[in-house]
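Protein chains in written order, with full-length UniProt numbering: chain P, 1 to 490; chain C, 1 to 490; chain B, 1 to 490.
No lab work stands behind these hints, which were simulated from the structure alone. Ideal Cβ placement from N, Cα and C applies to all residues, glycine included. Be aware that one or more of the hints could be misleading.
[What the hints assert, rightly or not] Here are some, though not all, of the chain B residues that point toward chain P, as calculated from beta-carbon distances under 10 Å:
| # | residue |
| --- | --- |
| 1 | G74 |
| 2 | K78 |
| 3 | V142 |
| 4 | T147 |
| 5 | F203 |
| 6 | R207 |
| 7 | L230 |
| 8 | L234 |
| 9 | A235 |
| 10 | H236 |
| 11 | G237 |
| 12 | L244 |
| 13 | L315 |
| 14 | L317 |
| 15 | L364 |
| 16 | T375 |
[What the hints assert, rightly or not] Sample of chain C residues with no beta-carbon within 10 Å of chain P, all distances over it, derived:
| # | residue |
| --- | --- |
| 17 | K78 |
| 18 | G367 |
| 19 | R387 |
[As the list claims (entries may be wrong)] Ranges between beta-carbon positions, derived for each pair:
| # | chain 1 | residue 1 | chain 2 | residue 2 | range |
| --- | --- | --- | --- | --- | --- |
| 20 | C | L276 | P | G395 | 48 to 58 Å |
| 21 | P | W273 | C | L396 | 31 to 41 Å |
| 22 | P | W273 | B | L274 | 57 to 67 Å |
| 23 | P | Q420 | C | S350 | 54 to 64 Å |
| 24 | P | L215 | C | R287 | 31 to 41 Å |
| 25 | B | L215 | C | D290 | 30 to 40 Å |
| 26 | B | G395 | C | S350 | 46 to 56 Å |
| 27 | C | T454 | P | L230 | 43 to 53 Å |
| 28 | C | L230 | B | C438 | 32 to 42 Å |
| 29 | C | L276 | P | L230 | 44 to 54 Å |
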Amino acid sequence: MSSPLLLGAEVPDDPPAMARGQQTVAILGSGDFSRSLAVRLVACGVSVVVGSRCVKRIAPGLFPDAVELSSQEGAVVKAQRLVVLALFPEHYPSLLGIRAALAGKVLVDVSNAMELGSGVSSNAEQLAELFPESVVVKGFNVISAWTLQTGTQDGSRQVLLCSDSVEGKSEVAQLARLMGFHPVDSGDLRQSRVLETMPLRLFPSWRGPLLATFLLFLFFYAYGFLRDLLLPYLAHGRDGFHRLALALPNESLPNVALVALALVYLPGLLAAWLQLWRGTKYQRFPRWLDGWLLRRKQLGLLGFLCAALHAVYSLCLPLFLYGPNNWSISLYAVCISQVKAGVEEPWDESGVWRSDLYLSCGVLALGILSLLAITSLPTVGNVLTWREFTFVQSGLGYTALTLSVTHTLVFGWDFAFSPQAYEFYMPPSYVLAVAAPCAVLVCRCILLLPCTSTRLARIRRGWERLGKVSIPLALTVSFKQDKTSLDAGL
Amino acid sequence: MSSPLLLGAEVPDDPPAMARGQQTVAILGSGDFSRSLAVRLVACGVSVVVGSRCVKRIAPGLFPDAVELSSQEGAVVKAQRLVVLALFPEHYPSLLGIRAALAGKVLVDVSNAMELGSGVSSNAEQLAELFPESVVVKGFNVISAWTLQTGTQDGSRQVLLCSDSVEGKSEVAQLARLMGFHPVDSGDLRQSRVLETMPLRLFPSWRGPLLATFLLFLFFYAYGFLRDLLLPYLAHGRDGFHRLALALPNESLPNVALVALALVYLPGLLAAWLQLWRGTKYQRFPRWLDGWLLRRKQLGLLGFLCAALHAVYSLCLPLFLYGPNNWSISLYAVCISQVKAGVEEPWDESGVWRSDLYLSCGVLALGILSLLAITSLPTVGNVLTWREFTFVQSGLGYTALTLSVTHTLVFGWDFAFSPQAYEFYMPPSYVLAVAAPCAVLVCRCILLLPCTSTRLARIRRGWERLGKVSIPLALTVSFKQDKTSLDAGL
Amino acid sequence: MSSPLLLGAEVPDDPPAMARGQQTVAILGSGDFSRSLAVRLVACGVSVVVGSRCVKRIAPGLFPDAVELSSQEGAVVKAQRLVVLALFPEHYPSLLGIRAALAGKVLVDVSNAMELGSGVSSNAEQLAELFPESVVVKGFNVISAWTLQTGTQDGSRQVLLCSDSVEGKSEVAQLARLMGFHPVDSGDLRQSRVLETMPLRLFPSWRGPLLATFLLFLFFYAYGFLRDLLLPYLAHGRDGFHRLALALPNESLPNVALVALALVYLPGLLAAWLQLWRGTKYQRFPRWLDGWLLRRKQLGLLGFLCAALHAVYSLCLPLFLYGPNNWSISLYAVCISQVKAGVEEPWDESGVWRSDLYLSCGVLALGILSLLAITSLPTVGNVLTWREFTFVQSGLGYTALTLSVTHTLVFGWDFAFSPQAYEFYMPPSYVLAVAAPCAVLVCRCILLLPCTSTRLARIRRGWERLGKVSIPLALTVSFKQDKTSLDAGL
């Protein structure tokens, strides 16, 4: 029979004093963070004392009634153990006056770094130097006043803690858990340098992929401008510059999407080839490859974004006719031209087939990509088994890639090989774009050949070229490695 | 080195009896909730006794075999502490017969209120009056039978508990945690009045925003009907009433979206101005402003919805041609009219530019808005740092607003200033709609001027006009306040 | 006052030794899973010893420095209690040599089954037979190496554990919690058969719905092919085969969507009718009905997918004109035909109304369906009360169904009743498709009649035909049952 312990029957026979609900926490400072923290703590049944240097200056009603206001020293004295410092780091020295009272208390430093890479020691470390007789715990700085007030609807918001004192850390951890947060041990106080700069980070994992996508777009846009607008204008004075706003972006976006998707699956293939070449899996990948493997999700999502924009842009094309006063005109132009041309047998079967086909491929590819985007949502991914995840990310992903390539090829087949497409010795942009995914697909197919696939499987099961039976691995590992090499990849 | 305590090494050296897996819970009543709870508890290794007044009436197989069926009294006697009442509140008195057996037990009341604002004391409070010798704990009423059976895939579903007994509450909390729920202390038994009405709530936070959006739509629809359909009909007998179904909604929706977006960013600006005017941040905002600040997310999502519908509607316009039998007709009409008109040089450059431009702006604005909508998903928001959140909600949000305004202005520029647009002295509806976002953007720009922005930053750092150095705040606070004033806003 | 116990003040007055951070865990095997686990444990402040048969073969830097490498026996000896086996199950016997050292330890089996339904005893059970003096705990096999390394952003990833030893299970559970996972007790070691095959599952709950949707599509596609392409070709040699790629799928998809939506709401109605007929709710539904009720969410999402694809396809239709070189042609063809036809008064009011109307209905239906799809995301659903959920899934769901039906009927009204639509005695496909949802809507309306609805409400409140006052149920139950019967249904 299974035990309630398992999910936390954490009631000691004799609950310690603080567990009986008599815990008192002091907060120094009376700003938003202080207020929000006080509100939350009171709601969780903890008694709170707010210490301020000039209590009378605090507007009435700023804090809930249950909160006691007092001088800084008074507050610290009332606190059993925990004293939260909601002050500017630069004001920490002003507390030296009450150093005696602070001795033996746990000082919780919630401050953030001013700027990235300030290099020197962190606020928390400086605080620890100032008050050697107190225990300093760094934490809560990644939690916003807002989150404190509203609480986390799914009680799964992480609070990173670090300290040199195990006991101090665990006491603060309890408080965090008490407030419905999920405390995570981030090691000793040195880690505070990382923790303090965390809130300053701005999408670190998106930097690279965003840059890559942007450069790709820039390249294809410039290429298209040169090939389709500038050169024709110089050569024949053909003026198509109005295409800069809509048509040209709409030609560049799908190319970006294609290359981005290729970049999602390339690193996985490189990793596989590397393992095949080395004949073992017990050497780490080069740093750049590891980094790339970790950025596939972002690359994939950006590729999906481009594809979606392309779709919407394309669907806008007919709207063009409804532009303020162009609808009739362009239409008219066409009719007249046709009448002049006096076409005889205007219906071309293959043309119809092609346009139908490439539209279908495009729609389906986008549909599958959106499924991939959905499964990359945290919660959705969480409920998938590794096999499901592999199926979605690898199986569906390659299907989407194949469809996109087909979409492109079917669209531009006879353009690609008509001589007048190379008037300026520049191939159409999609010819360049489609090269990368084609290469990826070919590599993938080679890996699927029995000779390579079996060898790769053996390597991933721990076999080495040396032929010795290697350190055995759980079968799960090989698969999980597989998932790893696919995880987070669209 | 850090301590396992941190994430819960909750095994006391001598685990209490109930923790050894011999815990027995009694459930009175044999309905769906009773059954689901029994199934879940058995799965978690707790032995369950279901007490019913006529056991023989229970269909065989209704409960899992591990569940023991017995009389109500028998069940209560077998239970160590916890007795879950899965009964109608109106049947609580029927338990007075076994009051002796219930004495000293923890009675868990899972019932809900019949209707909102019943005013009088809650079911749980009445229960507590009936059985003074028992401990009454309110809880689980926000959990559905369904959730009980299926469990929560991410084990993060909250269970709100309240009681006057700390011990009772903690025992029920263990049971909740044992079942994979996340217990939350909601205070003493008086809170049960709130808890019981909770399941009756129907999107309280969406009421206001929905009403506002609906009224806006109503206004713009009526305005458009009057200006574009009714008056022209009365004046010139022009019959355009078929536009009621598609064209008119499609004109109203973008206006609603524009105003809604403006309403998202207005309160933040008001708050800033208020702080500037007061010269301090230590006074609370008026209640209505607080409420408004808390509704920005909903307003933004509704605005996004309108914008998306507008996009789809617009993309449907060309489909109109494919209507059962209108395609050829309208087209033909156009051609003929053109032929009659015998236009000479029909191509107008600026027109093409404009239509391209406003389509691009529209697409991009919608794209950015959908990014904002995605980041407003709980899990996605959870993994963002405050700076990332601010960047997305404020930076991208204002970009989207600017793009939407451009989209509107470029679209309707020369209509706005052509005299025949004012035949009935009524400006085009989008002229009205675009006013609000323009005002917002202007205010925002003024706030960005050095003079105001530095002053505002100082105020948010705790500085006051009085000039005294105020109570210092952690730097984090000013930023987090910043986030607060942006959080949940699209 | 409420108690911190509630959310886990799990610090016993005298924390046990392992809780003081001196815990040492041994991992046997040096594969990816071993490495990832080691990395994670070290990060959480646990000291790790990796045991391998040939330590020197392990590439330097493969493991973090904090990890101690040693022989298998050495590692086991150093471990206090927990020994994780990251080996192939087939190598378990190779550990018999160090059976003495393993005695009294907790062996954590993380392996997966090779294939589904291997029938015989699980790896964990075989391990337990091999090492009777050790405690065997099954767990972590659903966690991938990837998840171990990156950790779960919301600390809510479940770890299923099973064992015959309560203590062993609870110790492993602590380790899991320590790493930020959410341990779940899955019973005794027999359950390991289920746990081991879990990672091999591939969307079990999606199988049925996917098959149903696929068959529906196949049927409608074949039907359309026969009716619109093959027979006309054979009869009149009309060649429309180019419609296979785009037009025909676009006609089949909405039909599939309609029927799928009908299948979502049908089981709920069947359940209600069954209860009415039986006159009681205390009999279980037949197995097939239960299964169907549990698959509604998937059916609904697939129906939504089809509807969305249909929308995109339809929006692509005008693009058809922009096909490589068909734009002008088809247009021209139309104009010419018109000119030849020499239509007199080409504008037909009703036609315009209809096309406007069915487009509006379609757009709105899709909009509502997407709202439903969003609320079926785990996190979004989690924050809804049962009443909100019911409102969304039932209220909005039926609205969407009604709109889709209207969309179809308005579209095809006069086709449906024109004789030439029945040339081959086959009704248009949408006539078949619309039948199911119409039936559902009618049944629903009948259920809403006072006579049936009141009776159903009484039955769901526990009333039985026998007339006896039945076992009372909490009012919540009737509603929650209601939600159950709607939950997960689009």
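The hints, checked one at a time:
1. With a least beta-carbon distance of about 15 Å to chain P, the hint placing B/G74 at the interface is violated under the 10 Å criterion.
2. Look at B/K78: its Cβ only gets to about 18 Å from chain P, farther than 10 Å, so that hint breaks.
3. Using the Cβ-Cβ criterion of 10 Å, the hint placing B/V142 at the interface with chain P is satisfied: the shortest such distance is roughly 7 Å.
4. Hint on B/T147 holds. Least Cβ distance to chain P is approximately 8 Å, under the 10 Å limit.
5. With its C-beta approaching chain P no nearer than about 6 Å, B/F203 sits inside the 10 Å limit, and its interface hint holds.
6. For the restraint placing B/R207 at the interface with chain P, the shortest Cβ-Cβ distance is roughly 12 Å, beyond the 10 Å limit, so the hint is violated.
7. At its closest, the beta carbon of B/L230 sits 18 Å from a beta carbon of chain P; the interface hint therefore is violated under the 10 Å criterion.
8. For B/L234, the suggested interface contact is broken, since its CB lies about 19 Å from the closest CB of chain P, more than 10 Å.
9. At a threshold of 10 Å, the smallest CB-CB gap from B/A235 to chain P is about 20 Å, leaving the interface hint violated.
10. Of the supplied interface hints, the one on B/H236 is violated, with its beta-carbon coming no nearer than about 17 Å to a beta-carbon of chain P, more than 10 Å.
11. Below 10 Å, beta-carbon pairs count as interface contacts, and B/G237 has none with chain P, the closest being about 15 Å; its hint is therefore violated.
12. The restraint placing B/L244 at the interface with chain P holds, with a minimum CB-CB distance near 8 Å, inside the 10 Å limit.
13. For the restraint placing B/L315 at the interface with chain P, the shortest Cβ-Cβ distance is roughly 5 Å, inside the 10 Å limit, so the hint holds.
14. Interface restraint check: B/L317 against chain P, minimum CB-CB distance 9 Å, threshold 10 Å, status holds.
15. The beta carbon of B/L364 is not positioned within 10 Å of any beta carbon in chain P (closest approach about 19 Å), and the interface hint is therefore violated.
16. The interface hint given for B/T375 is broken, as the beta carbon of that residue sits about 13 Å from the closest beta carbon of chain P, more than 10 Å.
17. No beta-carbon of chain P comes within 10 Å of the beta-carbon of C/K78; the shortest separation is about 16 Å.
18. Non-interface status of C/G367 relative to chain P is broken: a Cβ of that chain comes within 10 Å, the nearest being about 6 Å off.
19. Against chain P, the non-interface label of C/R387 is violated: not every CB pair exceeds 10 Å, the least being about 6 Å.
20. As the Cβ distance of C/L276 to P/G395 is approximately 57 Å, the hint placing it in 48 to 58 Å holds.
21. A C-beta distance of roughly 39 Å is found between P/W273 and C/L396, which places it inside the suggested range of 31 to 41 Å.
22. Separated by about 59 Å at the C-beta atoms, P/W273 and B/L274 satisfy the suggested range of 57 to 67 Å.
23. Take P/Q420 and C/S350: their Cβ atoms lie about 30 Å apart, and the range 54 to 64 Å is violated.
24. Our hint of 31 to 41 Å for P/L215 and C/R287 is violated, since their Cβ atoms are close to 50 Å apart.
25. Checked against the hint of 30 to 40 Å, the C-beta distance between B/L215 and C/D290 comes to roughly 55 Å, which is inconsistent with it.
26. Range check, B/G395 to C/S350: Cβ separation about 49 Å, and the 46 to 56 Å hint holds.
27. One distance hint, 43 to 53 Å for the beta-carbon pair C/T454 and P/L230, holds here, with the actual separation near 46 Å.
28. In this structure the hint that C/L230 and B/C438 lie 32 to 42 Å apart at CB holds, the actual value being about 36 Å.
29. Separation of C/L276 from P/L230 is about 50 Å and conforms to the stated range, judged on CB atoms against 44 to 54 Å.
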